[in-house]
Amino acid sequence: MDLLQSFSVIQLANALALSSLLTILASGLALIFGLRDVMNFAHGALYMLGAYLGFAVAAKFNFWVALAVVPFLLAGLGVVFEYAVLRPLQKRAHMDVALITFGIALILGHVVNTTWGTSPLSVAMPPALAGAVDLFGQPYPAYRLFLILVGFGTCVLLAAWLKWTKSGMHVRAVSQLPMVARMMGVNTDRLSLFVVCLGTGFSGLAGVLAGPYLSVDPSMGANILISCLIVVVVGGLGSIGGAIVASVVYGFIQVIGSIVSPLMAVMTPYLLLFFVLLWRPQGFGRGRVA
Amino acid sequence: MTRSPLNSNTGSNKFLGYGLVLILALCGLAIPNVVKSTFYLGLFINAIVLGIAALSIGFLAHQCGLIMFGAAGFTGGATYLFGIAVMHFNWSVTTAAIFCLVASTFISLLIGMVVVRARPLPFAMMTLALAQMLRSVVKITAYREVTGGDDGLTMNWTGNFFGLTQAELARPANFWTVAWLALCGVMLLAWWVGHSRTGEILRATKANEERMRFSGFNTYVPRVLAFGLAGFIAAVSGLLLGLHTAFASPELLDFTTGANSLVSMLIGGASVVTGPILGALLYTVGQDQFGASGHLELLTGLGVVVVVLAFPKGAIGFLQSGIDRFTGRKHASN
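One line per chain: the protein sequences are A and B, in this order.
Here the first sequence is numbered in the numbering used here, starting from 1 and rising by one per residue.
Here the second sequence is numbered in the numbering used here, starting from 1001 and rising by one per residue.
For the record, the hints were derived by calculation from the structure and aren't laboratory data.
All clues stand as given, with none of them false.
Here are the simulated SDA-like pairs of lysine to any residue, each with C-alpha atoms no more than 25 Å apart in a straight line: (1) K1139(B) - S258(A); (2) K1139(B) - M1087(B); (3) K1313(B) - V1285(B); (4) K1206(B) - F1217(B); (5) K91(A) - A1204(B); (6) K1313(B) - Q1287(B); (7) K1139(B) - N223(A); (8) K1206(B) - A93(A).
Derived list of chain B stretches under chain A, where covered just means 3 residues or more per stretch with a C-beta under 8 Å from a C-beta of chain A: (9) 1116–1130; (10) 1139–1153; (11) 1303–1309.
Bear in mind the structure is a predicted one, so any value in this text is a computation, not a measurement.
We put the beta carbon where it would ideally sit given N, CA and C, even for glycine.
Input sequences plus hints: build the corresponding full structure.
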C-alpha cells in the first residue's frame, strides 16, 4: 500500500487523539519521576480509576461535571499517596518503591473491579460533542477534536508553568539536580506534594477524557501504563518536553503503522525503548539517566 | 556466604542434610498416593509451575539484583515454542520439549547479552517491554496460522513423553511425577549455581560492580550466564504448562501472569531456592481460597506492600530469622 495515499488528515487527527491522552498521562508520570525519582507503576491504575469515577459521575450528573470534579478527586488521592507512600519511603531503594506502587496498582484494580464489575462500560458522549465536524472536507468526530484540544492545551499550560513561574523553575531544578536544588533552598517536600497531586490529577483528567473515546474496562490501566513508560523513557526521564514529543511520535507510529504493517506498529515502540535504554539513557529530550 | 538451605555447613551434618533432601525428594514422588483429591493435586501442580517461574525471577533477583517484570514472556514464550514445534514442525513430543528448552535458553542468552548491561530499573522495564512485545506479536491476525491469534494454540500430539501419552499428561496423578522431578531438578540447579564460584562472583558484583571489575573479575559474562539460566528455568515452567494443558493462550504472556510469579517470589523471598516455591504455594492456595470471592487482588496488593515494607526477605527470610532466634544461631546476612 502506498504510504502517501493511505495517509490522510483523518489519520493524522487519529494519531493526535491518541497522543493527546498519552501526553497528559506521561507528563504526570514524568513529573512524579522528576521530583521523587519514583517510577510510578500505579499510574495506569489511577488513570483507570479516573475513567471509572468519570463514568459514575457522568451517569449521576453529566460529563462536564465529571471532567471538572474527577481530577480533583484524584489529586486528593495524590495527597494520600505523597504522605503515606512517597514521603516515608524516600530512603528506600528505587526498586522497592516501584514494587510498592505496583502493589498499589493491584489494590486499585481490585477496588475498581468490586465496585463496578469487570465488564466493559461505555460513557455517553456529551451531546454538544456527539456530532461530527468538517475537517478539511471530511467529517470527523467532534469529540476527538475536543480531546486533542484539551490534551495539548493542558500540556501547553503545564509547559508555560514550568517555563515562566518561580515554582515551575524550582520543579525543573529539582528534576535536574535534586541535591543542588535542595542546597539552594528549594523546599522539595512542599514542591513534591504539589507535583504529585498534579500528576495524579492529570491521570484522572486523562481517564475522564478517555471514557467516551475508548471503552472503560479493567485492563485499560495496564495497557496504557506500558505505552506511558515507553513514552517517558524515550522522551527522557523527568523531561516534560521530551515526553510530549515522544507521545506524539508514539501516536503516529501506532496509527500509521497499523495501516502500513501491523508488525511494525507493534515492534517499533519497544525497539525504541530498548535503543534508548541501552544507548541513549538520557532519552531524546534532555532527561536524566534512569 | 550463602547458607545452604539445610542449615548444615560442616562435616557429617552436611551429608545428613543431603540425605534428608534426597529422602524428601523421593517422598514427594509418593504424594499422589496420599493426596487422592484430583483437585488438590491439580492445585499443587499449578503451584509447582508457578513456583518454577518464581524461582527463575528469584534467582536473578538474589544473584544479580535484577528484577524481571516480564517473566511471562519467558514462560509463555516457551509454551508457544513447544506448541509450534509440536503442531507446525510435527515433531515428536520429546524432540519438541528438548527443542523448546534449548531454543529458549539460547534466546535468553542472546537477550541477556543486551539487557544485563542495564541497571535494575531499566532492566525491569526492558523485560516488561519484551513480554508485551511478544504478546502483541502473538495476537497479530496475520500470524493466526502459526500462533492461533486471540484464540490461542491448541496442541495435539501422538507419542509418549517419558512413557506418558497426551491424555495421561493431562491427568494430575500421572503428571505429578514429571512436575515434581522437574521442580527438584531446577531447585538443585539453582542451588548449585548459587553456591558455585560463579554465584559468589555474581553476588559480589551485585554488591559493588566497580570494585569487582577493578579487582580483575569479568562481571559481564557471569551475569549473561545467570540470565540464560533464569531463561532456562522459566522455560521449564512454560514447558510443564504446555505438556499439562496442551494449550497456549496470549493470556500466558499478559503482564498479570508475570505479576503472579513476581508476587510469589516477593512473598516467598528469594534468598534461598525454597523461598519462591513456598511463595507460589501460598499464592496458589490463596488464589483457591479467595479467588472466588474476588478478594485475591486486594490481598495480593496488600501482600506486596507489606512484604516489601516489613519483610524484605519474604516468608522464608522471616522463618529463617525465627529459627535462628530460636536456636540462637548467628550468621552473616546476605
